[in-house]
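2 protein chains.
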Amino acid sequence: MLFGNKNRNKKVFLDYASSTPIDPGVLHKMNSYLESNFANPRALYSQAEEAKEEMKIAKRDIAKIFSCKSDEIYFTSSGTESNNLAILGVFYAYQNKNFKPHFITTEIEHSSVLETFREVEKRGGEVTYLKVSEKGDFSIEDLKNSIKEHTVLISISYANNEIGIINPIKEVSKIIREWRNKKETNLPYFHCDACQAVLYLSLDVSKNGLDIMTIDGLKMYGPRNGGILYIKNGLEIKPIIYGGGHQRGLRSGTEDVASILGLAYALEIAETMKEEESERLLKIRDYAIDKILEKFEGSSLNGSRDNRLPNNINICFPGKDAEFLVVSLDIFGISVSYSSSCNTLKEDSSSFVIKSLDKADCSQSSLRVTLGRDTDIEDIDYFLEKLEKIIN
Amino acid sequence: MLFGNKNRNKKVFLDYASSTPIDPGVLHKMNSYLESNFANPRALYSQAEEAKEEMKIAKRDIAKIFSCKSDEIYFTSSGTESNNLAILGVFYAYQNKNFKPHFITTEIEHSSVLETFREVEKRGGEVTYLKVSEKGDFSIEDLKNSIKEHTVLISISYANNEIGIINPIKEVSKIIREWRNKKETNLPYFHCDACQAVLYLSLDVSKNGLDIMTIDGLKMYGPRNGGILYIKNGLEIKPIIYGGGHQRGLRSGTEDVASILGLAYALEIAETMKEEESERLLKIRDYAIDKILEKFEGSSLNGSRDNRLPNNINICFPGKDAEFLVVSLDIFGISVSYSSSCNTLKEDSSSFVIKSLDKADCSQSSLRVTLGRDTDIEDIDYFLEKLEKIIN
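Going down the list, the sequences are from chains A and B. Just so you know, we're using this note's numbering here: the first sequence kicks off at 1 and counts up by one. Just so you know, we're using this note's numbering here: the second sequence kicks off at 1 and counts up by one.
Rather than coming from a laboratory, the hints here were simulated on the basis of the structure. Please note that a few of the clues may not be correct.
As the list claims (entries may be wrong) - Some chain B residues judged to face chain A by a derived CB distance under 10 Å, without partners named:
#1 Pro24
#2 Leu88
#3 Lys232
#4 Glu255
In this text the structure is predicted, and so the values were computed from the model without any measurement. We treat Cβ as the ideally placed atom computed from N, Cα and C, and that holds for glycine.
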């Protein structure tokens, strides 16, 4: 966007953790495919074979980025569905053994993880929710002490969707590995929701020691209706959607080849930009945090500053109503978020994440400001100027 | 396509029951939206409000076609997911009452219905599978006699995906209504998989007496990754995917607004063309059936001729290997199907539908030829010419 354009009817989008625009190259790739081939990839004629071949290439490209095998890549309709398949799928696999399957997660996961675990509890599973400190991190000791004989799955996000805190997933996988070795078992599995981390952190499942990983097209400038689930070969997991037995029986439903190509390409673009974009956003983020803390008396950063996604700012403005701030900023064309989009449908839409940080006063007074590919320093200055007008 | 173009490297697609191309107008509508708004509709700023408004209009347009209320429309990722939500959702709602919930379906439903029922059985539900005659229809008496005190759902497709047989859904809903009135209950519910019927038959849920109805974008020149589920208000049904509580808690996951607009527009186009296109295809279908039965000795039509979708031809060529026919026709650029695409992944990919017709010999010797908007008489002549070359 040109500076001249930006001044009047300026639009400053600062809610990239909620949604990213689709990359024009990704959209073009999807459209080119849609215009050239519409065959159901499970049919037996050449167009279908070509569709299958395209999917194969996409899987291979994704597998390369994840450092895994092609047949460990599964496609779903969203990050939400991927998280459901990971958690319920493992629960169903262990539901009828002669023990009560136990799960570990943290109390500040995304609602698609937490609500799925509530369902697991209703169906007879046991779930431990790790508490987090004011900084937003859980205690590794707590995690260690929570693992028990019948723990089948540990689900911990790569980075939190509200406060951008990065979890020590390598440490988690080390602890899991040690437990498995000691007990001579392949349990518990480690599932990681990487939806928020995808643009900034390494997706190497091998180095990170992951067994299952969730990725969402919507959060990475990709298709709006496409999720990925990496599932290590050999795991016991069952489907949550039944039918024609597509995707090795784990996810029935005709594959949307265009969307799959879009996911692969969006990941490829993200991978190429990762380092440079992370550095660029880190500078803008720190500039914004410094300015906000300086300008607004009493304001405080929610969650650790160091151990945080380069695009995430989450600030408490004590005594201010966050919903009012969001709506007021919107008048100036600025889009930010209060809690997370996936919480706004709940009766109590205040942030349970912020509450968990022992900052209960902040749960209705915090703004999430998340940066993306279009964000520059001018956007931040504009945001600060308008926020000052509203608050002070 | 011009005639001149069609002669060399001719492509004749005759597998529209498996997949339809996306309508260029639908694709354009989706792209226009994607390029103008990428906000998560659950956020609180203007772009999100605009997204919500677009969804509202789409729902209203769909509801008009279905003769139902806007808030009875739900969006899923596919026909498969819609069928899963209909069946498992009702099962979950009645799973823990003090009776064994009972379901009725037919033995020739789509795999996304039948496999979901297998899962219901594994989880403690009871399912009656109605037998069908050689014509492909079940006995209304059988259905009547199958309903019992604890029958919670009857799931019968509008038209079969392999043989195109149209089921008497108004008769079914009348029987259900009578039972409900007599027993003073609102059970059983009536779910209808209308994926194959969407382009040709009335979708008026009120006149048809439906409580739940499945529609799939892929089968109606719409988005590849979008399904609709009509669910009458007041029904007891639970979600199968958990999370942020989108769509009144019944289907979590950020809505793909572009796909929703595409579904509404595809339906609108289909509705406008329905009558004329049905008449046009009926003529082509009957021309093809007559010619085939005349040219190929011993060949027979699978399923009733009269009571059949205008785009469906399914013929048994005794002693011929259908897979070989499909592959041979493909050499001439002709795409047809053997069994259904959703069966090709199974160990035994022969047609269980044809087997159910008491034509076991035909289950590996039948071709499904399904017509669509691009099909004309020349396509049929070309198909017949090549088939003759292959078979005779």
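Okay, the hints, checked on the actual structure:
The restraint placing Pro24 (chain B) at the interface with chain A holds, with a minimum CB-CB distance near 8 Å, inside the 10 Å limit. With a cut of 10 Å, the hint placing Leu88 (chain B) at the interface with chain A holds, because the nearest CB-to-CB distance is about 8 Å. This hint is violated: Lys232 (chain B) has a C-beta 22 Å from the nearest C-beta of chain A, more than the 10 Å allowed. For the restraint placing Glu255 (chain B) at the interface with chain A, the shortest Cβ-Cβ distance is roughly 9 Å, inside the 10 Å limit, so the hint holds.
The earlier numbered hint that this structure contradicts is number 3, and it is the only one.
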